[in-house]
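S.K.: Taken in sequence, the protein lines are chains A and B.
All you need for the numbering used here is the position in the first sequence, starting with 1, plus 1.
All you need for the numbering used here is the position in the second sequence, starting with 1, plus 20.
These are computed hints drawn from the structure, not numbers from a lab.
Worth double-checking, as some hints may not be accurate.
[Unchecked claim] Computed cross-link-like contacts, DSBU-like style, restricted to lysine-lysine with a CA-CA straight-line distance of at most 35 Å:
#1 B:K51 / B:K347
#2 B:K148 / B:K174
#3 A:K27 / B:K51
#4 A:K27 / B:K352
#5 B:K352 / B:K334
[Claimed, not checked] Simulated restraints, written as ranges between beta carbons of each label pair:
#6 A:K27 / B:E31: 17 to 23 Å
#7 A:K27 / B:P73: 18 to 24 Å
#8 A:L36 / B:T270: 51 to 57 Å
#9 B:G131 / A:G53: 42 to 48 Å
#10 A:T56 / B:D29: 30 to 36 Å
#11 B:D324 / A:D39: 22 to 28 Å
#12 A:L36 / B:R121: 39 to 45 Å
#13 A:L36 / B:D232: 21 to 27 Å
#14 B:P46 / A:S54: 41 to 47 Å
[As the list claims (entries may be wrong)] Okay, the calculated bits of chain B under chain A, using three or more residues with CB under 8 Å as the criterion:
#15 119 to 130
#16 280 to 294
#17 350 to 357
Note that the Cβ used here is the ideal one computed from N, Cα and C, for glycine as well.
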Amino acid sequence: MNGPACDHGDGCITCGDTAIPLTVRKVDVERGLALCVDDGGQSESVQTELVGSVTPGDSLLVHAGTALQRLGP
Amino acid sequence: MKYVDEFRDPELGRALSGEILSLVEPGRHYKVMEVCGGHTHSIYKYGVDDLLPDNVELVHGPGCPVCVIPMGRVDDGISIAENDGVIFTCFGDMMRVPGSRGSLLEAKASGADVRMVYSPLDALRIAKSNPDRPVVFFAIGFETTAPSTALTLKRARAEGVENFSCMCNHVTIVPPLRALLESPDLRLDGFIGPGHVATVVGARPFEFIPADYGKPVVISGFEPLDLLQSVQMIMRQLAGGRCEVENQYTRVVPYEGNLRALEVMSEVFELRPHFEWRGLGFISHSALRLSDAYAELDAERRFDVPGVRVADPKACQCGEVLKGVIKPWECKVFGTACTPERPIGTCMVSPEGACAAFYNYGRYAREREVV
């Protein structure tokens, strides 16, 4: 697990229905996964099936390891 | 930070605060419910309620996925975790929710292999690395989280991960809202709608609120300016005699939601006939279970679970807090017997719970007022 940890001081973003903006770095088309990073440089593996095909540089709204929407143009 | 800094601008906040003041009728008391626990957390963290006129009250709703899990479900989870060889996985906050025999964290201390995960995908990874042990994911959350669980279950099947299963506690947002609107002890003027649930389900499921109950709904983002603007939009509707569903969070929420997510959910899940909510009791068709097509991945069918209903502790008033009938500090055990370190009720467990959010951020301001 290399994503942001459950931070009790500032809320557990997974339990709290909070979604965060992440940027796609690498794409594994075959497995429907993308390696994404946040502004702080933390990376995590994200399931991308719900937002269609993604390319490096895309901004995604991610919750519990799954992209729910695309962000921005 | 993009998508964050521009929604925390103090000048814009002051302007919105002034506009809200100009829209409210003096002498009228407004009660607006923020449905989502993420909103409750933001409101206390940024002091959004301090920027509103005194006669605009924010009432905290039932949208904290951890807070609504009843004690019996925690007991069921622990009984699965105690099976020989089982690795039991769940989100961090869920580990501290008390059941009648203690929490999952305490079960871990007693020897059960309970592990915190950040996503269902992490739980699946644990299953793949431990092929000789059953790995169970304790799924919680509203429609925001359910698609992630659904995709992971589809992935488990596609990759042939036979030792993985899911104890499903996913809940849906509309039935408790309807129950609240039918509740005689609560008078609300409008709703701040849950932004990330709406990312999945869209705005349409909330149309019954203006249509059947005559109350405005504004789907909102989670930054302080999002929340202020949503209150302003509700006040505009009330001042103009309108009630409809509006979308403040257009940068994320399409009106129709994410159709692919809804499709995946309906493939993997089906509605339970009824489900018990902490403090709210049994609500019909308010939760999800695995469909027959995914029966082999259902932990409740793989393991024996007691399924016993356990009453909430007598001292705990989470039910009234979740319905917005009382404020966190009005509960008899708030901040004394019940604290985030030793919670009695679920609202004190998750930082999105109204009690924990108020304990962490709001109580200092209130103490100053009292002094």
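S.K.: Does each hint fit the structure? Answer for all of them.
M.R.: Now the hints, each set against the structure:
1. Only pairs whose Cα atoms come within 35 Å are accepted, and B:K51 paired with B:K347 is accepted, the gap being roughly 13 Å.
2. Between the alpha carbons of B:K148 and B:K174 the distance comes to roughly 15 Å, so the proposed pair stays at or under 35 Å and holds.
3. Taking the CA atoms of A:K27 and B:K51, the gap is about 47 Å. The hint is violated against a cut of 35 Å.
4. Note on A:K27 and B:K352: the hinted pairing is violated, with a Cα-Cα distance of about 52 Å set against a maximum of 35 Å.
5. Distance check on the hinted pair: B:K352 and B:K334 sit about 11 Å apart at the alpha-carbon level, within 35 Å; holds.
6. Here the CB-CB span from A:K27 to B:E31 is close to 39 Å, at odds with the stated 17 to 23 Å.
7. Take A:K27 and B:P73: their Cβ atoms lie about 49 Å apart, and the range 18 to 24 Å is violated.
8. A hinted range of 51 to 57 Å for the beta carbons of A:L36 and B:T270 is inconsistent with their spacing of about 29 Å.
9. Checked against the hint of 42 to 48 Å, the C-beta distance between B:G131 and A:G53 comes to roughly 45 Å, which is consistent with it.
10. Separated by about 31 Å at the C-beta atoms, A:T56 and B:D29 satisfy the suggested range of 30 to 36 Å.
11. At about 41 Å, the CB distance of B:D324 to A:D39 disagrees with the hint of 22 to 28 Å.
12. Distance hint check for A:L36 and B:R121: the Cβ-Cβ separation is about 41 Å, which falls inside the suggested range of 39 to 45 Å.
13. Taking 21 to 27 Å as the suggested C-beta distance range, the pair A:L36 and B:D232 does not conform, at roughly 45 Å.
14. Between B:P46 and A:S54 the CB atoms are about 55 Å apart, so this pair departs from the stated range of 41 to 47 Å.
15. Taking a C-beta to C-beta cut-off of 8 Å, the region 119 to 130 of chain B contributes 0 residues in contact with chain A, too few for the three needed, and the coverage statement is violated.
16. Coverage of a stretch by a chain is defined here by at least three residues with a beta carbon nearer than 8 Å to that chain's beta carbons; for the region 280 to 294 of chain B and chain A the count is 3, and the condition holds.
17. As drawn, the region 350 to 357 of chain B meets chain A at 0 residues by the rule of a beta-carbon pair under 8 Å; below three, the given contact is violated.
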